[in-house]
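Novice: Single-letter residue listing:
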Amino acid sequence: MTGARAPQATEAAPRIDLGPSITEFAGRQAPFYVSRFRLLLSARKRTWTLNRAALLFGPLWAAARGLWGFFWLFAILELFALVQVGRGLWGDLGAPKRAEAERLQAKSDQIAADAEAALSRGESGAAALRESAANLARAAENAFLEAGAAAAGATTLLIVGLVLLVLFRLLEGLRADRVYERQYSRWRSDRRVPSGFSFSRLAAGLALAAIMFPATLYRFTVSQPAEWLRTVPISRTYHTGAANLLDRWFDRAAEAGAGVFDGITAGTEAVLDTIEAVLAGAPWPVIVLFLLLAAWRLAGVRVAIFTGAALAYIGLLGFWEKSMLTLALVGSAAVFCVLIGIPVGIWCARSRRAYAVARPVLDLMQTMPAFVYLIPIIAFFGTGKVPGILATIIFSLPPVIRLTALGLTQVPASVVEAARAFGATRWQLLRGVELPLATPAIMTGVNQTILMCLSMVVIASLIGAKGLGQEVLIALQYVAKGQGILAGLAILCCAMILDRIVQGHFKRPDDGA
Amino acid sequence: MNDIVIELEGVWKIFGERAGEAMAAVKAEGLAKSEVLERFGAVVGIADVSFNVRRGEIFCIMGLSGSGKSTLVRHLNRLIEPTAGVIKLLGQDVMSLAESELRAMRAQKIGMVFQHMALLPHRSVRDNVAYPLEIRGEPKGRRWDVSQHTLSLVGLDGFEDRFPRELSGGMQQRVGLARALASDPDVLLMDEPFSALDPLIRRQLQNQFMALSEQLHKTTLFITHDLDEAIRLGTRIAIMKDGRIVQIGTPEEIVTDPADDYVRDFVQDISKLKLVFAHTIMEPLESYRAAAGEAKDLSESPRAPEDSDLDRLVDVSITTPHPIVITGAGGRDVGVVTKDRLLRGIQGGK
Amino acid sequence: MSVRTPGGAGSDRGHGRSERAAGAAPAFDIGDSVREFAGPRGDYYARAFRRIQSKAGLAATFNRAAALFGPVWAAARGLWGLFWCFAILELLALVQLSKGLFSELGAAPLARAARLEKNYEKMVDRVQAALEKGDQAGADSFSLKAERLHAALEKALTQADEAAAGATGLVIFGLIALAAVKGLEGWVANLSCEKRYSRWRTDRTMRAGFSWTGAALGAVFAALVYPLTLYGFAATEPVALIGTFPADTSHYQALAGSIDRGFDRAADELAFFFQGIARGIRILLDGLEVIFVETPWPVVMTVIVVAAWRLAGPRVAIFTVAALAYVAVLGFWEKAMSTVALLGTASFLCVAIGIPLGVWFARSERAYAVARPVLDLMQTLPAFVYLIPIIAFFGTGKPPGILASMMFGLPPIVRLTALGLREVPKEVIEAARAFGATGRQILVGVEIPLAAPSIMTGVNQTILMCLSLVVIAALIDAKGLGYDVLEALQYAAKGQGILAGFAILFCAIVIDRMVQGGFRRE
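Protein chains in written order, with our numbering: chain V, 1 to 513; chain W, 514 to 863; chain P, 864 to 1385.
I should point out that these hints are in silico values taken from the structure, not numbers from a laboratory.
Be aware that a few hints might be false.
[Claimed, not checked] Derived Cβ-Cβ restraints for the label pairs, each shown as a range:
| hint | chain 1 | residue 1 | chain 2 | residue 2 | range |
| --- | --- | --- | --- | --- | --- |
| 1 | P | Glu1350 | V | Ser414 | 55 to 65 Å |
| 2 | P | Gly1176 | V | Arg230 | 44 to 54 Å |
| 3 | V | Pro214 | P | Glu1228 | 23 to 33 Å |
| 4 | P | Asp1340 | V | Ser120 | 44 to 54 Å |
| 5 | P | Asp1340 | V | Arg302 | 36 to 46 Å |
| 6 | P | Phe1382 | W | Gly579 | 45 to 55 Å |
| 7 | V | Glu269 | P | Pro1312 | 39 to 49 Å |
| 8 | W | Ala545 | P | Val1184 | 49 to 59 Å |
[To be verified] Which bits of chain V does chain P cover? Going by a derived footprint, with three or more residues having C-beta under 8 Å, they are:
| hint | segment |
| --- | --- |
| 9 | 110 to 122 |
| 10 | 161 to 169 |
| 11 | 277 to 287 |
| 12 | 369 to 381 |
| 13 | 469 to 477 |
[What the hints assert, rightly or not] For lysine to aspartate or glutamate, the following EDC-like pairs were computed, each having C-alpha atoms within a straight-line distance of at most 20 Å:
| hint | chain 1 | residue 1 | chain 2 | residue 2 |
| --- | --- | --- | --- | --- |
| 14 | P | Lys1058 | W | Asp674 |
| 15 | P | Lys1198 | V | Glu417 |
| 16 | W | Lys852 | W | Asp824 |
| 17 | P | Lys1058 | W | Glu651 |
| 18 | W | Lys622 | W | Asp516 |
| 19 | W | Lys540 | W | Asp516 |
| 20 | W | Lys785 | W | Glu799 |
| 21 | P | Lys1008 | P | Glu1025 |
| 22 | W | Lys546 | W | Glu530 |
| 23 | P | Lys918 | W | Glu651 |
| 24 | W | Lys622 | V | Glu417 |
| 25 | W | Lys785 | W | Asp755 |
| 26 | W | Lys785 | W | Glu813 |
| 27 | W | Lys754 | W | Asp711 |
| 28 | P | Lys1342 | P | Asp1111 |
Ideal Cβ positions, reconstructed from N, Cα and C, are used throughout, including at glycine.
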């Protein structure tokens, strides 16, 4: 058998010599680190070692050795300690209190003078005035005392700061070897991890410290630091100039493109008005029946019951008309999103270049706070419900584009190839194979789009779109909690109805089969 | 019409952005594959492939993965465009076809079966089979008639209203086969159709395919990585390596006369009993007599026709201590197979 | 092509064999299955379907029952989509018809004519009065006005006549439209029925045949919808009950009032609790504000640029420099930094709360089942709705703004942490357990490292969500860059708004890139 071999794998495994690799890693002072790392690697219990270089030079040592995390942590901690020391040494700690005391004293003097004057004129309020002057004088006295105490506290602060500084340095010295050893372990598997001692890194650390330490110390220790350190010393004219320039530019663009913008407005308005006429114009029982039947047929009994309850809530609390306006807004925005988004999505799926251009734009559209869209839209389209819809469309377009593109690119290549091998045209391929297979993804996109449209309802009403959003906004302005929450729930009801019906419809075929 | 259905002449495929340059350089300087990759960053997929397939033939292309066989088969219906070369299908130059003509050819002349079935998951089996007809704009009634019929040809009666996912892998591939047959194409392209299946099912489908092709006599280009399969099915076999065809021949030729070590490695483990015939291993009568002496009496030897395979010769040989005399056309003695020769023959040597 | 009869692999039907695979495929009889599908009148449908199927395009068949009964036929056959299409089309035609028949189309111009006549008479009186007073000039001007009024009156009357005459036109149009709709119904019926049949073949759970309950349901719906709609659109002044939901505003008042009171009481009684939370948030925020706002800007800028460089590479660092320069030059520095401080506090709290919650939800199936709908709700609800209870409990200012941001930013991190942990391969956990790892060791050493990409995606999403809400929180006085945008919106100051908007955008991009770069490095 293997009797000659080691009886136990772990116990008698021969030592591997880390020396050369540690030497390569550490560069300067290699023998020291070889012995330190050996010690740390063989210790079972927590061992403390002191690195004198780290103790002495602190963050600079870390910078030179490429331990940037260590550098930042302790630079900030030391800075904190130094700020305390600085304040103890030359910071005028009593300054704010003394200023207050002086103000009080001045006030008291003035009132006392008034009291004298009143007394000389023989007015009755003189006694009261004198009384308050005395009170103020006492307060000023107290403030002076406090200022004195604060100034006396400077020594304590100095001591605390020094103690902290020493403590941090000690900690640095004690942690250094262990942190460095960890860096070594990482370096072994990834040679890009910084290693060795580098003067350029040391210089970078020094430069960083040179920027950070004096400015921060000065800012926090001097009682009245120079203004330019607190705020960026740049005149307001740039801002107003740029703003005016943009204003003019927008006005000119709005004028130049008036035809285009009016056309868009008219088109959008026509769709919106039709949907509004149907939803808000038709007798409510018809709409209720339609929604109930649609929910039942498309998504099942439970959704129908939920729809009934939600509609009852909306109706009974008097939100009917506003809800219909909101639904019309969301509906037409969603229709536009789908009409624009699916073709664009198909295009993105087809053309790699189009997608490369579209992706950052889509990311941006979703990253941007919705607020920000509103401004160019106001500039070009004014206020009202059409701009509201346009903002909603911009905000809600990305999911449908993204998921259409995703769904189409995820259609198995083999299936597409098969269809091509049987002579399908591009259109047949798209309609018969790709779109049906991408339907689940596209529907997820449509669903997300609808929900995003609803979440924009309130923001759109900031620029004059009517409906439930306006209700919430008004409630917010007057802190009318009840009204706001009821309207918010009504929005939620609308969202859930649409969401459940759309989702239910597209889940069912899968469940059934 | 002449008898050659598929004709390939010097077909090259080079992948990469600079394929054109690479092609020119290859033609001018005869670069090797690795040099092309190094100089142009382009990968040679198919290198100078030429062959003909006759009507009714099952032409197998055998090679390991990465040898370019699947790329090659996609050139026939131009799912992949060749970099250079001539491809003719039914006498027509495929490369000269316009987009619409190409689609018409794909829809009417070519049926294709894929390794991973590539059925449309959202359509019933019936609609999958009828898909090529649908593309051609046939009315639904006819689509249904044809799919019903083709499904019954592959033995899937009664499954037409199921969905592909409800079928086993073997059945799915039979649907794939039925789909390829539905448009009654002249040419069948089969891209490793059975390699994703269990061995037992694969065997079954091979048998079924052989029966079907005896019935329908479709010209077939059959891609496989399994030499056994190629030998079972193929009328002729082409062996590919690194985008080149190493050898083309009947199964017997391949087995008995491998062109190089690469092919020899493959055939080594193939049983020759059913593949090698008496005329290949026999010693001609004259040389036998010259070696053994005129006196050697062959009158007691059993006789076997020259197209009997080794399996039969073994059966004959067991019953007698004498060598077997092979008879040619008209019962004339043409050669002799001794026991030693028979054993060598089974082993693979000559 | 060679001609052979098929051998073994054939069908069991006698006529199913053929010489070519497809060329001469025998006709396949769908009659039985159509009869099974259609129920009553199966033979008719079998004939119709065969006809449709033998045409490559759209076949022309006419279903009289469908034309006659329209939506009710569709309902009986279970074609509910068709039911609504038919109903709406018929209603459109019927509304025209009934407008022509019943409603007074001239009503509006007639009313105007009556009003004009009254004015005209008044004017005539004035002319008389002026003449009596001998004010010739006044009389002239009045008579001029009177003439104009008279002309307007004439015009209104002719308009009324025309409108009334147009009624006949409307009736004829309505009739034609109705006939067209009926024709369409008869034609579409068999086509869509055949489509349904094709689908039914693959899915027998589908509604098939003729159902009396369906017919009855369709009839009831039609009976409800038709008269109401006709009345609603054709009547000149429909009863208010039809147009608007008969809601009693007192419900609303009472409910809103009681919610108000409930909030007030809760805010009163739990004041210490809410104040405690607010104070906790305030401390954290103050700390961050000291770092970002109070610290001299050159220091903060250097640190940010160096961090961008270390985390995400030189390109992002250059972009960061440009973005910071934009922010500083246009005077947004302080606001931007206070926004960053708000954002930092909100994101930190989200991560600190969200990751443990995610771990819990990954562990406990029940907790996750409860939490999921809540998380969905939190993300569905428009952000503004959060603001309301938060104002009620916490008032306005920065801590409430942070809380609102947290509500919005918490779901992604919780969800993605739970998701990431759930997706850790079972075998790996099993292996760790097999080597005797404790629950904690598995979590820290195996699960969290493997779920890290998912968790980091969650962190990134959370930060961006928080940012988009930190801006909105300006509405409740949380200051920062959002305030500038809000102000610009109120005064339509485009330039200012766009400048502030870009500042926000740059902040978002820099943060996003840094976070992403940070975890790509890991």
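Novice: Run the structure past the numbered hints and jot down the numbers of the failing ones, going up.
Specialist: 2, 3, 6, 7, 9, 10, 15, 19, 20, 21, 25, 26, 27, 28
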